[in-house]
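Construct the entire structure; sequences and hints are all you get.
From first to last, the protein sequence lines stand for chains G and L. Going by the working numbering, the first sequence opens with residue 1, and the numbers climb by one from there. Going by the working numbering, the second sequence opens with residue 426, and the numbers climb by one from there.
Derived by calculation from the structure, the hints in this document are not laboratory data. The reader is advised that the hints may include incorrect statements.
Stated by the list, open to error - Derived CB-CB ranges, DEER-like: (1) GLN350/G to GLY546/L: 29 to 35 Å; (2) LEU390/G to ARG490/L: 19 to 25 Å; (3) GLN350/G to ASP562/L: 53 to 59 Å; (4) GLN441/L to ARG262/G: 38 to 44 Å; (5) ARG262/G to ARG445/L: 48 to 54 Å; (6) SER104/G to ARG526/L: 40 to 46 Å; (7) ILE123/G to GLU452/L: 55 to 61 Å; (8) ALA78/G to ARG553/L: 38 to 44 Å.
Claimed, not checked - If you want the footprint, here are the derived chain G segments under chain L, 3+ residues with CB under 8 Å: (9) 223-232; (10) 282-293; (11) 322-336; (12) 351-357.
Heads up, the beta-carbon is just placed ideally off N, CA and C, and yes, glycines get one too.
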Amino acid sequence: MTNPVRDATRTGPDYGRLVEPSRVHGSLYTDPRVFADELARIWYRTWVYVGHESEVAQPGDYVRKALGLQDVIMTRGADGQVRLLLNRCAHRANLVCEADRGNSKSFRCPYHGWTYRNTGELIGFPFNQGYGGKGQIEGELSLAAVPRVASHRGFVFASMASDGPDLAEHLGEAAGEIDRLARLSPEGKVELTAGWLKHRTQANWKLLAENETDGYHPQFVHGSIFSVTSSPIGALYSDKSAAVTRNLGHGHSENDLRPEFRRAGEPMRWFGTTAERVPGYVRAMREAYGPAAEQILVEGAPHVMIFPNLFIAEIQVFVIQPVSAGECVQHSTAVQLAGAPELNRRMISQSVGSVGPAGMLLADDTEMYERNQHGVAQLQPEWLDLRRGLQRERTDERGLKVGRATDETAMRGFWTHYLSLMEAA
Amino acid sequence: MTVAGDRELDLRQVEQFVYREARYADEHDYDAWEALWTDDALYWVPAGGDLADPGGQMSVIYDNRNRISTRLNQLRTGRRYAQTPPSHLRRVVSNVEVLGREGGDTVVGANFILAEARERGVMTWAGRTTYRLRWADGELKLAAKQVLLVNRDQPLPTLGFLI
Numbered sequence: 001m002t003n004p005v006r007d008a009t010r011t012g013p014d015y016g017r018l019v020e021p022s023r024v025h026g027s028l029y030t031d032p033r034v035f036a037d038e039l040a041r042i043w044y045r046t047w048v049y050v051g052h053e054s055e056v057a058q059p060g061d062y063v064r065k066a067l068g069l070q071d072v073i074m075t076r077g078a079d080g081q082v083r084l085l086l087n088r089c090a091h092r093a094n095l096v097c098e099a100d101r102g103n104s105k106s107f108r109c110p111y112h113g114w115t116y117r118n119t120g121e122l123i124g125f126p127f128n129q130g131y132g133g134k135g136q137i138e139g140e141l142s143l144a145a146v147p148r149v150a151s152h153r154g155f156v157f158a159s160m161a162s163d164g165p166d167l168a169e170h171l172g173e174a175a176g177e178i179d180r181l182a183r184l185s186p187e188g189k190v191e192l193t194a195g196w197l198k199h200r201t202q203a204n205w206k207l208l209a210e211n212e213t214d215g216y217h218p219q220f221v222h223g224s225i226f227s228v229t230s231s232p233i234g235a236l237y238s239d240k241s242a243a244v245t246r247n248l249g250h251g252h253s254e255n256d257l258r259p260e261f262r263r264a265g266e267p268m269r270w271f272g273t274t275a276e277r278v279p280g281y282v283r284a285m286r287e288a289y290g291p292a293a294e295q296i297l298v299e300g301a302p303h304v305m306i307f308p309n310l311f312i313a314e315i316q317v318f319v320i321q322p323v324s325a326g327e328c329v330q331h332s333t334a335v336q337l338a339g340a341p342e343l344n345r346r347m348i349s350q351s352v353g354s355v356g357p358a359g360m361l362l363a364d365d366t367e368m369y370e371r372n373q374h375g376v377a378q379l380q381p382e383w384l385d386l387r388r389g390l391q392r393e394r395t396d397e398r399g400l401k402v403g404r405a406t407d408e409t410a411m412r413g414f415w416t417h418y419l420s421l422m423e424a425a
Numbered sequence: 426m427t428v429a430g431d432r433e434l435d436l437r438q439v440e441q442f443v444y445r446e447a448r449y450a451d452e453h454d455y456d457a458w459e460a461l462w463t464d465d466a467l468y469w470v471p472a473g474g475d476l477a478d479p480g481g482q483m484s485v486i487y488d489n490r491n492r493i494s495t496r497l498n499q500l501r502t503g504r505r506y507a508q509t510p511p512s513h514l515r516r517v518v519s520n521v522e523v524l525g526r527e528g529g530d531t532v533v534g535a536n537f538i539l540a541e542a543r544e545r546g547v548m549t550w551a552g553r554t555t556y557r558l559r560w561a562d563g564e565l566k567l568a569a570k571q572v573l574l575v576n577r578d579q580p581l582p583t584l585g586f587l588i
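What follows is the structure, encoded as C-alpha cells:
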C-alpha cells in the first residue's frame, strides 16, 4: 500500500527555539503551520489512541473514529481481528460509511455502488465490463488500512507510519497504569460501552493534554463544586498532599494519588465510598485476586495522560481529537469494569455529573482552555511558564522524574517528548 | 391518586407554566427555577445514544432532585466559571401540545430555539422538550423535563446554563 498520508510541507518554525526546559512559546498553540507539522510528525506518525475493542465486540461490528483529521472505521472481521480502515472509497473518494456504528460484513459506497468487505478488500463494482470484467481491479484497489494497529488491554492504538517503535515501547511505563485500571475488574477487563459525550472546545489540543495531569489547578478551577459537595478531591491536590506528579516518559504522565490512599488505608475510598456499600464488588475482587485484592481496593484507579490523546481519569476515559490549531473535541465516557455491575452504574452516574459539555467539573476546565486560547493569542509576554517544582524534582527508584502533587513535572515531560517528535526528520 | 392529581390542565395553563419555566432559566433565577421541581424530579438532556437505558448510557445531563440542587448550588457560588459571567439567554418555546396523561402527570411537548451569547460568540440551541407536569400542594410542578437537542449526535459546546 502506498502511504495514504501526504507529508505536510515542512514550513514550520524551528521548534528547538520554541520549546525550552522551563517555558514554551505561545505560538505553538496558535500557528497553523505548527498544527500542520503536528499532524505529520505526531498524529500521523506516532502511536495514537483510537478506540476500544469492546466497542466492536462482535464480528461485523464497526464504529467510526478519528485519527488526527482522518475519518477511520474500526471494524471487527469474521476472523475476530480489529482493523482500522480510512473512510474513503478507492473510486471517487466518497464516504463508504456514514453511520456512527453498526454491524455489517461490508461497506457499499452509495455513489457508484462499489462494495468492500469489512477487511477493506474490494469485492464488487457495478457494470464491471467498464473495467474489463470481474477480477481486473480488485487486487489493486481497496479501502486503505491504517498501517499499524495494536492494542493493550483492549485499548486500540494506531500508527500511520509503517515502521517505528512498537506499541510496547511507546507506552513504556504508562502500560502499567492501564493494567492497574484493568485490575479493578474482577475479570481483569475494561469495557467502554456506555457511549460517548462529545464536547466541542475552542482551544488547542495541547492545552487539554497539559491540563490532564496538572495538579495545580483543581482547587481553583473546581473549587465551586468541591465546596458545595464537600468533596475530598481538592485535598489530594493541595500543597500538603502526599500525592506525586510523575513523568512516565514518552510524553506520558500521571498524578499518582496512591500515597494519599495508602495513608488512609481504606478500601474503596478512591471511589468515594466504603467496602460496606459495594459488598458484591469487594467480594468478587477478593475471590478473583485473593490477598492481593486489598492493595488494589485501597490504591484505586490511575490518573494518567497517555501521549498524545488518551486520558484515564480514575473512572473516566477521555480522548482528545484535534480539529485545528484553535479547536478540538473532547470525547468522554465512564469506565465499565467487567464483572462489576455494582460499580458500573455508579461510575456512569458520577461521570455524567462530572464530564461533558454540562459536567460540573469539565465544563469549567473547558472554560479555562478557551480563555487560555484567547490568552496565547496576546503577543506579550510570549512564553508560558513551566518551572513550578523544577527545584524540588527528584528521580524515583524506576528512574522517573517525580514532583509534588501540584508541580509541573508532567508538562515538562510532555514538552520534552513533543520536541523530540517535532525535531525528528 | 389524589383528586388534585386528576385535575385536568388546559392548554393555557400549560403554556403559562412552560413560559415561566423558560423565563426563570433565561434570567438565571435559580431559586424560582428550583422551586418548580417535585421531589422525584428528573432533568435529562440525552446524548447521542438510545433513550431506552439512561442509567447505562452517558447523558449530557441526568439530574435527580439532589443533583439539580448541587448544580444550582455550584452556580450560586459565582465560581462556576462556565457561567461566570452568566450567558445572556433568550429562548422561544412554541408548538406547545398536551400529549397525554401518565400516572396523574400531564405530559407536554414543545419545541424551542434559544440564543446564547457569551464571549465565545452567539450560539443557537434548538430542540424538543418533553415536560411532565403535576399538581402538588395546590401548585403546578415540574416532575420531569427531557431536552432532545437537534444536534445531540454532534460535538456540543459547553452547556453551562439551564436549558
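Here's how the hints hold up against the structure:
| no. | hint | result |
| --- | --- | --- |
| 1 | GLN350/G to GLY546/L: 29 to 35 Å | holds (31 Å) |
| 2 | LEU390/G to ARG490/L: 19 to 25 Å | violated (48 Å) |
| 3 | GLN350/G to ASP562/L: 53 to 59 Å | violated (32 Å) |
| 4 | GLN441/L to ARG262/G: 38 to 44 Å | violated (58 Å) |
| 5 | ARG262/G to ARG445/L: 48 to 54 Å | holds (53 Å) |
| 6 | SER104/G to ARG526/L: 40 to 46 Å | holds (42 Å) |
| 7 | ILE123/G to GLU452/L: 55 to 61 Å | holds (60 Å) |
| 8 | ALA78/G to ARG553/L: 38 to 44 Å | holds (40 Å) |
| 9 | 223-232 | holds (count 6) |
| 10 | 282-293 | violated (count 0) |
| 11 | 322-336 | holds (count 4) |
| 12 | 351-357 | holds (count 5) |
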